[in-house]
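In the order they appear, the protein sequences are chains A and B.
Under our numbering, think of the first position of the first sequence as 1230, with each following residue one higher.
Under our numbering, think of the first position of the second sequence as 1230, with each following residue one higher.
Note that these hints are calculated values from the structure, not bench results.
Not the full set, but computed from the structure, chain B residues with beta-carbon under 10 Å of chain A:
# : residue
1 : M1230
2 : Q1258
3 : N1263
4 : L1306
5 : V1331
6 : P1424
7 : I1450
8 : A1472
9 : V1474
Ideal Cβ placement from N, Cα and C applies to all residues, glycine included.
2 protein chains.
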Amino acid sequence: MPKKIFFTPGPSALYFTVEEHLKQASRAQVMEINHRSSQAEGYYAEAVNNLKDLMDIPDDYQVFFLSSATEIWERQLQNLVIEKSFHYCMGAFSNRFYDFAVKWGLKPEKSESTFGELPDTNPNLIPKDTELITIALNETSTGVSFPQEDIYNIRKSHPDTLIAVDGVSALPVLDLDFTQVDSVYFSVQKCFGLPAGLGVWIVSPRAIKKAAEKLALGHSIGSYQALPNLLKNGLKLQTTFTANVLNIFLLAKVSRDMLEKGIDVIRRESDYKAALLNHLVENHPKLEHFVSDRKLRSRMITVANTTGDSSKILESLAQKGFVLGNGYGAYKNKQIRIASFPTHSKEQMELLVDVINATI
Amino acid sequence: MPKKIFFTPGPSALYFTVEEHLKQASRAQVMEINHRSSQAEGYYAEAVNNLKDLMDIPDDYQVFFLSSATEIWERQLQNLVIEKSFHYCMGAFSNRFYDFAVKWGLKPEKSESTFGELPDTNPNLIPKDTELITIALNETSTGVSFPQEDIYNIRKSHPDTLIAVDGVSALPVLDLDFTQVDSVYFSVQKCFGLPAGLGVWIVSPRAIKKAAEKLALGHSIGSYQALPNLLKNGLKLQTTFTANVLNIFLLAKVSRDMLEKGIDVIRRESDYKAALLNHLVENHPKLEHFVSDRKLRSRMITVANTTGDSSKILESLAQKGFVLGNGYGAYKNKQIRIASFPTHSKEQMELLVDVINATI
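Whole structure, please, built from the sequences with the hints as guidance.
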């Protein structure tokens, strides 16, 4: 059976070089080596350096490897908040971060939008004593992007508050100014095209300082994923637990491939593919943009309302070898979601548009 | 370059069928499918059912997939302890669980041994109001096994206290009576011969009840890895986060292979290989058992003091293609540690013994 092409918004298609890297991993016995061996440390260093180059991460920021972006939501609350966080809630994933804060017994506040729209980003809504502001660059459930100028505006009005940015399904394609934020995280099964099972957490010196302060005040910041412990291990190029070394290896290799291709090329291609999908949805009689404000539409996740049951459309497309995402949560069977990640070539996207036009 | 054989105590050699299963995973696009798809749910069910068959886990126990055994230490404290845990500390890993409890702000107590020995297992040492007793079946850093009759004895004298068992580098080879314990966990990169990046947590109905009680009393039990949430997702054959689906797939396949081989055969082979290693260490002029009490010696991890720097011995063996473990922590360069896991064949172990005899 020929392989299917996954345009799902994560997990998604593997980056097109992953199969080759898996063979190399097997030859180099990456799945058998000790996670504290110099060989594993080499992959750690390679992954960190490539990510720093690719996304222009400041030298004094640290890059840590955890198990998932979901875990990193929790670790941020554990390390960076004593009492008050503030969350921009604009879909299933950004809302879940707020829910985590409630479950941890914190006193979170939020600015919330209906799905498909942007919450009120007026910085005056954020209480002065907020310790952490959380923002999703790209809400994967709705396809809404949070404008970067709004992030920098929030920073200006709250210069002493930590800002956390969910980069899932946005990085490395969006060009984020890391110097204006303190905690950036993503899992690797979206834009990086890797198997699931690894979360990347990038933190500023201010974030590490905040964790130390919380601890010094007598609060628990957890155990092995406490930032001082992540730092201690990270400086040795090691994880705090027996991590998914295979995925760190693959991340090192795929980020190298992306550097060789050139991040500018990846970004230009992303614009082109997003324009194709935008044109498709705007002109197709049975599709309609969920995100009505054109400026807020994600370039990585296109979400369209469908006339009729979307699961039938998805099934027809799957039979032709094209796997797309269904609507999320309450929008299941009412929408389709299409990922446009770096692994998806311009030609694949043109083909997908043709197939959709021929199918529905 | 010919591949090396890893006899390291984890990560270790891949189970000998893993390479084939990886090819199948690639063909079935296991690394691209959604973790909530019916395909992924099928692997979840297969892994759970095979593990239950393999280790005779009671029907009403739940099997959950997390990121590592290290994470599961923390999740047990978070879900199962309000104030008081009791820990048998007999090496780096069992001690670390106690340290986690301190860092979480609990009031843990312990019974501790010097490395290479067993702590005092007299159940009267355990305070009556203890909520969780933690025991490592096999302390990977020292090669000491905790006698199972002592576990059952503790159960008898503390029938209402939850007992947690670290099965890392012990299961499925040791034949544990799951009905006498409440929380059993392991990571897959040791006896199961899989790449690192998955932790398995098996819990009794009593453990799930305890988490609900802790929550009802107004304590936080965390967010996505709270037992009620693990249960809610587990009943749907789903993980609570975008987990390492590849590893769940591989675990399903390898546990099937082990069932086909037969757990009795695996256990008999383990006895034979342990006897070989025991004979080697007892008779080699430059090696000496670290665990002096023969009854306490692990069948899966043999630890030997070396005459002279062990790192030189390890280097000579590695040059011949045999990778063994160094001593842990303070015993680095003073000991060798040899894993004997199900993937290691009798013939490989005989060869290793010959090579060690010819090398040092």
